[in-house]
Each structure stands twice: as C-alpha cells, then as structure tokens.
Amino acid sequence: MIQRILAILHARNLEFLRDKATLGWNVAMPLLLVAGMAAIFSGGDRASYKVALMQAEQEINTAAHPYLQTRYFDFIAMDQEEAIERVANHQLDLALDLHAGTYWINPESPGGYFAERLLEASSEEGAWQRQPASGDPITYVDWLIPGILGMNIMFSCLFGVGYVVVRYRKNGFLKRLKATPLRPVEFMSAQILSRLLLAIFVTLLLYAATRLLLDVRMEGSGLALFLVAVLASISLVSIGLAMAARVTSEELAGGLLNLVTWPMMLLSGVWFSLAGAPQWVQQLSNIFPLTHALTAAREIMLYGAGFADVLPQLLILTGITAAFLTVGATMFRWRGA
Amino acid sequence: MTGPPILAVRELVKNYGQVRAVRGISFDVPRNCCFGLLGPNGAGKTTTVEIIEGVTPATSGEVLYEGEKAGAAFRQDSGVQFQTAALQDFITVRETLEMFHRLYRRRADIDQVIADCALEKLQKRDNRKLSGGQRQRLLLAIAMVNDPKILFLDEPTTGMDPQARRNFWELVERIRARKKTIVLTTHYMEEAQALCDEIVIMNEGVIVTQGAPDTLLKAHYKEIILELPEADLEKLPEEFPFHTYRRNGLVEIHTDDANEAITRLSRAGAPLGRLNIRPFRLEDLFLDLTGKELRS
Numbered sequence: 071m072i073q074r075i076l077a078i079l080h081a082r083n084l085e086f087l088r089d090k091a092t093l094g095w096n097v098a099m100p101l102l103l104v105a106g107m108a109a110i111f112s113g114g115d116r117a118s119y120k121v122a123l124m125q126a127e128q129e130i131n132t133a134a135h136p137y138l139q140t141r142y143f144d145f146i147a148m149d150q151e152e153a154i155e156r157v158a159n160h161q162l163d164l165a166l167d168l169h170a171g172t173y174w175i176n177p178e179s180p181g182g183y184f185a186e187r188l189l190e191a192s193s194e195e196g197a198w199q200r201q202p203a204s205g206d207p208i209t210y211v212d213w214l215i216p217g218i219l220g221m222n223i224m225f226s227c228l229f230g231v232g233y234v235v236v237r238y239r240k241n242g243f244l245k246r247l248k249a250t251p252l253r254p255v256e257f258m259s260a261q262i263l264s265r266l267l268l269a270i271f272v273t274l275l276l277y278a279a280t281r282l283l284l285d286v287r288m289e290g291s292g293l294a295l296f297l298v299a300v301l302a303s304i305s306l307v308s309i310g311l312a313m314a315a316r317v318t319s320e321e322l323a324g325g326l327l328n329l330v331t332w333p334m335m336l337l338s339g340v341w342f343s344l345a346g347a348p349q350w351v352q353q354l355s356n357i358f359p360l361t362h363a364l365t366a367a368r369e370i371m372l373y374g375a376g377f378a379d380v381l382p383q384l385l386i387l388t389g390i391t392a393a394f395l396t397v398g399a400t401m402f403r404w405r406g407a
Numbered sequence: 003m004t005g006p007p008i009l010a011v012r013e014l015v016k017n018y019g020q021v022r023a024v025r026g027i028s029f030d031v032p033r034n035c036c037f038g039l040l041g042p043n044g045a046g047k048t049t050t051v052e053i054i055e056g057v058t059p060a061t062s063g064e065v066l067y068e069g070e071k072a073g074a075a076f077r078q079d080s081g082v083q084f085q086t087a088a089l090q091d092f093i094t095v096r097e098t099l100e101m102f103h104r105l106y107r108r109r110a111d112i113d114q115v116i117a118d119c120a121l122e123k124l125q126k127r128d129n130r131k132l133s134g135g136q137r138q139r140l141l142l143a144i145a146m147v148n149d150p151k152i153l154f155l156d157e158p159t160t161g162m163d164p165q166a167r168r169n170f171w172e173l174v175e176r177i178r179a180r181k182k183t184i185v186l187t188t189h190y191m192e193e194a195q196a197l198c199d200e201i202v203i204m205n206e207g208v209i210v211t212q213g214a215p216d217t218l219l220k221a222h223y224k225e226i227i228l229e230l231p232e233a234d235l236e237k238l239p240e241e242f243p244f245h246t247y248r249r250n251g252l253v254e255i256h257t258d259d260a261n262e263a264i265t266r267l268s269r270a271g272a273p274l275g276r277l278n279i280r281p282f283r284l285e286d287l288f289l290d291l292t293g294k295e296l297r298s
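If you're matching them up, the sequences are chains Y and C in order.
Heads up: the first sequence runs through residues 71 to 407, numbered per my numbering.
Heads up: the second sequence runs through residues 3 to 298, numbered per my numbering.
No wet-lab data here; the hints were simulated from the structure.
Possibly wrong hints are sitting among the right ones.
Computed list of chain C residues with no C-beta within reach of chain Y, every gap over 10 Å [unchecked claim]:
no.	residue
1	Ala74
2	Gln78
3	Thr98
4	Asp118
5	Arg176
Derived, one-sided and incomplete: chain C residues facing chain Y with beta-carbon distance under 10 Å [said to hold, decoys possible]:
no.	residue
6	Ala87
7	Ile144
8	Gln195
Where a beta carbon is used, it is the ideal one built from N, C-alpha and C, also for glycine.
Take these sequences, add in the hints, and give me the full structure.
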C-alpha cells in the first residue's frame with residue numbers, strides 16, 4: 071500500500087514541479103501579494119475606531135449612554151479579559167464597563183486618545199475611572215498575514231487538487247489507474263500528501279517573507295502554528311477531493327469550488343474581523359475550516375497561544391478532515407457517469 | 003490452448019438505462035492463446051471487455067479468473083492497454099513505466115519491457131512528445147510492467163500507419179510466444195486473422211459466432227471468390243448460375259467451381275486480365291454475420 075501511494079505521489083510531484091508555468095504561479099502569486107501588502111501597509115495603520123463594551127448580551131443599547139450614539143464608532147460586546155488584551159494590543163481603541171464606571175485605554179494608542187476625549191466630552195467630569203492597558207500594538211498587517219497565509223492554503227488545496235482529479239478523470243488517466251491494483255484511498259492519500267507538501271512549502275516561504283519584509287508579529291509556538299497549517303491544508307484538500315469525487319467537467323468543478331471558497335474568503339475572517347458582525351454570521355462562519363485555522367493561527371501569532379490553547383481548533387480541523395475524507399472515499403469514482 | 007480456461011464470462015448483462023448493450027453473453031477464453039473479440043460499432047464488445055477488465059460494473063452476470071470471481075488476484079495478473087488513455091504530462095516514458103511498475107507486487111524486468119516495446123531511445127522523452135505509434139507502444143509497455151498472465155489489447159493499432167501496425171503485430175506475436183493469453187478487441191479483420199487463435203463475433207449485444215478463424219471460415223463457406231473490376235463486367239453473362247455481389251467497385255462471384263465460372267466469363271467476352279481469385283476471409287464472414295449497413 072505504502073509503495074503504491076509513494077509511486078503516485080512521486081509521479082504527481084514530478085508532474086507538478088516540471089510544469090514551470092503552474093509552479094511559478096503557485097509560488098509567485100502569493101509572494102507578489104505579500105510584496106504588494108508590504109508596499110501598502112509599511113506606512114501606517116487603520117484610522118477607524120472600535121470600542122468594546124464589557125457586557126454579556128450581544129445587543130448594544132445605544133440609549134444607555136450618550137457616548138454609545140457617537141457616529142463612526144463601532145461598539146462591540148466582549149468579555150473583560152479579551153477586551154483589555156485587545157486594547158493593550160491596539161486592536162481596540164477603548165474598553166468600557168458601563169456598570170463599573172471604568173474604562174481601559176492604552177496610553178500609547180493614537181486612536182485611544184481620540185476615543186477617550188470623546189468619552190470625556192459626552193460624560194460628566196469625574197464619571198469614569200481610567201485604567202491603563204499597555205502592550206505592543208498589533209497592526210492591521212499583523213492581523214492580516216495569518217489570513218493571507220490561510221487564503222493561499224485554501225486556494226492551493228481546493229483548486230490544486232479538485233481540478234487535477236477532474237482532469238485525470240476526464241482524460242481517462244483515472245480509468246487507466248482503475249485497471250491496476252491501486253485503491254481509491256491510496257490514490258487520494260497520494261494526492262493529499264502531494265498537495266500538502268506544496269502548500270506547506272509555499273506557506274513557509276510566505277511566512278519567512280512576511281517576517282523579513284513586514285516584521286510580522288509571532289508570539290507563540292512555531293510548532294503549533296506548523297501543525298495548524300498542516301491540519302488546515304489536509305482538511306481543505308479533503309474538501310477538494312470530496313467536491314471532485316464524481317465530477318467530470320472542469321467548469322462544474324470550478325463552480326463547486328467557488329461555492330466553497332468565496333463564502334470562506336468573506337466569512338472566515340481573512341480580510342476583516344467578524345467581531346462586530348451579527349451573531350448568526352459568526353455562527354455560520356464556524357462551519358468553515360478556514361475560520362478555525364485562522365482563529366488558531368492568530369491566537370498563536372498575535373497572542374502567544376500554545377498547543378493547549380488551540381486544541382479545540384485542531385480537533386475541529388481533524389474532525390472536518392475525517393468527515394470529508396469519508397465522504398470523498400465513499401463517493402469517489404474512477405470514471406464519470 | 004489446453005486445460006481449463008483462464009477466463010470465463012457467464013451470462014453477462016449490461017444495461018445503460020433502457021439500452022441493453024450486452025445481452026447475457028457467455029464464453030470462455032482458453033489460456034495461452036490470442037483471443038479476438040470482434041464486432042461492429044455498438045456491438046457491445048468494448049463494454050464487454052471493460053467489464054472483464056473491471057473498469058465498468060456489470061448489470062448482472064460474472065467474470066471468473068482461474069475459476070474464481072475476478073478480483074484482487076486478477077488485477078495483479080492482468081495487463082490492460084486501452085485504445086486511448088491519457089498519461090501524466092511532464093513525465094518521461096521511463097518514469098511513467100516506473101510509476102505503474104510500483105503499483106504491482108508481480109513485476110516484470112522494466113528494461114526488458116522497454117526493449118520488448120522498442121522504447122529504448124524514448125526513455126527520457128516527455129509523454130506529450132510521443133507520436134501515435136510510440137504512444138501505443140508505451141501503453142502496451144504499461145500493460146506489461148507486471149508481467150501479466152493475461153493481456154487485454156483494446157483496438158491497439160487504431161490510427162497507426164501500415165508499417166507501425168505491422169511492427170505492432172510482430173510485437174504481439176512475440177508476447178504470445180511467451181505463453182501469455184491475449185484478449186484482442188479490434189475493428190481490423192486482417193489483424194484478427196493474422197493474430198487470433200480464436201474469435202468471438204458480437205452483434206447487438208449477443209455473440210453471433212465463436213471459434214478458430216479457419217474453422218469458422220470452413221464451416222461457413224464451401225466456395226471461393228472471383229473478383230473483377232465493375233468496369234470489366236458491366237453486364238453478367240446469360241445463364242450465369244453463381245451468386246454475384248457488387249461492392250466497392252468490384253464484382254464478387256461466389257462459386258465452388260472456379261473453372262466453370264471462368265469459362266462462362268471468357269465465353270461472354272469479359273476481359274479477365276484483372277481477375278482475382280481468393281478464398282473467403284474473416285472480413286467476409288464478419289460482414290455476412292453483422293450486416294453491411296453503416297453503424298452509428
């Protein structure tokens with residue numbers, strides 16, 4: 071079995087590595103993206119204002135205080151520990167506990183300064199107790215890089231495997247393999263390994279480039295981050311294989327893969343945080359493996375999380391992998407209908 | 003061709019929706035022979051052979067290999083050359099063979115396979131850069147990497163020029179000489195007659211005849227054929243008691259008394275300089291059994 075998997079893996083790797091155009095695109099495109107981001111984000115940070123309200127309920131009652139009616143401010147319900155941490159990292163401008171009459175602010179944050187001035191202007195003098203929350207700023211680019219790494223893994227794993235399997239089926243290569251002792255699970259394992267190697271190689275390259283060019287924040291365990299990338303890749307390849315299990319048309323495969331990638335790109339927190347989004351959107355986003363991969367990656371890179379902290383996400387990614395591998399292996403056909 | 007059959011097909015049925023492509027056929031493939039499966043387009047021969055190869059499921063019926071239901075052992079022991087099969091791009095001939103070689107427990111000497119299929123000079127060539135004949139030789143080599151006991155060749159010479167076809171036939175002859183069983187599907191009756199020890203002719207999903215080509219021809223025909231260009235025999239002589247057919251610009255006269263037929267033609271003043279006398283061939287039997295109308 072191992073011998074057969076390695077035979078297919080080796081041939082697939084040779085095919086990919088010698089296809090200079092595809093290889094170049096797979097490596098160059100993400101690097102160009104990072105270079106573009108370096109040019110865009112090297113000069114400054116965001117200019118919007120976000121304030122956390124320390125309360126259990128998600129609904130914000132704007133009538134509770136005049137400050138909550140300030141235009142162009144996002145007010146987000148959050149627990150105290152998370153809110154203070156995010157203020158310390160400049161991810162929030164201010165955290166407010168209405169009931170205790172206390173607010174937290176990072177004295178080094180320009181956004182915090184303006185948020186505080188407006189709070190004072192909308193309140194009676196001496197109404198609030200001020201608490202400092204100090205820490206290094208987490209810039210938007212720090213926050214964005216895990217999203218870019220995850221997005222690259224997503225496209226590489228879903229389209230790289232899905233299209234290849236459909237092409238093999240359409241041109242009869244799978245039919246030829248079916249006449250050998252090779253089993254579907256062996257073929258699928260070889261495809262997963264091949265794409266995993268590529269995805270991890272490109273991700274490591276990108277990670278190194280972002281550290282070099284953007285000095286991206288990395289607070290936690292590199293090994294844990296590597297494990298997140300591996301599990302994210304395998305879970306996404308599994309989805310790609312399940313999607314391509316029976317399809318014989320590249321157009322249909324493209325449509326199905328887009329059906330998965332676009333919601334993930336918009337709702338998994340690649341470009342922006344879903345912290346201020348409606349509750350149902352946040353819950354919906356949990357069905358996507360990329361959401362869990364990015365949550366874990368940001369916890370590790372931005373907040374110094376270790377294995378134990380991201381274990382729930384690792385388990386969810388493992389579960390998604392098992393589910394889609396089972397679906398893919400069950401549905402897999404060497405030939406089209 | 004002694005002993006129990008290497009392969010037995012029993013009551014094989016294949017339906018595609020309402021269409022019955024194969025209608026309950028049974029036959030045995032003797033070991034160590036070249037067995038031909040012939041039939042016009044749509045006869046069900048490709049469906050039949052793909053069911054045997056295990057790439058298409060049967061609606062009902064069974065395929066027995068060495069007396070057992072064809073399964074894992076059959077896949078290890080069989081080699082398949084499809085008429086058309088895509089290979090991976092950017093991979094060389096040798097790398098392709100090595101990949102397939104590693105899929106089997108039972109393995110041939112890969113250099114010997116390369117030599118047998120005359121691929122020595124093409125070992126480092128990208129699959130995409132092979133000509134039609136070279137590609138067919140590679141597909142045959144892939145089918146032989148496991149030193150198969152039974153080899154399936156599906157329309158192996160379609161699209162080849164006459165020289166490449168003759169070379170391919172010699173290759174098949176060499177394989178057969180090593181006591182391999184070959185199952186050949188072909189449209190070319192000349193090919194079947196040259197290579198096959200036994201044939202099955204299928205038409206509309208059923209077997210219309212089976213046996214050794216010479217035996218079948220002797221059983222079906224007691225006559226020989228006189229052929230004249232139509233231009234040389236625009237009108238038949240009076241009192242000419244032989245079956246005649248006009249095909250492809252020729253007049254065919256079927257007779258068991260060639261001397262009498264020639265004498266009558268000569269008396270009628272027909273020019274005989276281009277007269278051709280030949281026995282019935284497999285192609286004649288094929289056309290007589292399956293009809294002469296064009297199949298879609």
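Could you check that no beta carbon of chain Y comes within 10 Å of the beta carbon of C:Thr98? With a cut-off of 10 Å, C:Thr98 comes too close to chain Y, as the shortest Cβ separation is near 7 Å.
C:Ile144 as chain Y interface residue, shortest Cβ-Cβ below 10 Å: C:Ile144 check passes; min Cβ-Cβ to chain Y is 8 Å, inside 10 Å.
Status of the stated non-contact between C:Asp118 and chain Y (beta carbon gap over 10 Å): Correct as stated: the minimum Cβ-Cβ distance to chain Y is 19 Å, above 10 Å.
Regarding the assertion that C:Arg176 does not contact chain Y, is the least Cβ-Cβ distance greater than 10 Å? 22 Å, holds
Grab the minimum beta-carbon distance between C:Ala74 and chain Y and tell me whether it stays above 10 Å. The claim is violated: C:Ala74 sits with its nearest Cβ about 7 Å from chain Y, within 10 Å.
Under 10 Å, Cβ to Cβ, is where C:Gln195 needs to be relative to chain Y, so tell me if that hint holds or is violated. 27 Å, violated
For C:Gln78, is the shortest beta carbon distance to chain Y beyond 10 Å? 6 Å, violated
C:Ala87 as chain Y interface residue, shortest Cβ-Cβ below 10 Å: Constraint on C:Ala87 satisfied, holds at 4 Å.
Violated hints, listed in ascending order, are 1, 2, 3 and 8; each of the other numbered hints is respected by the structure.
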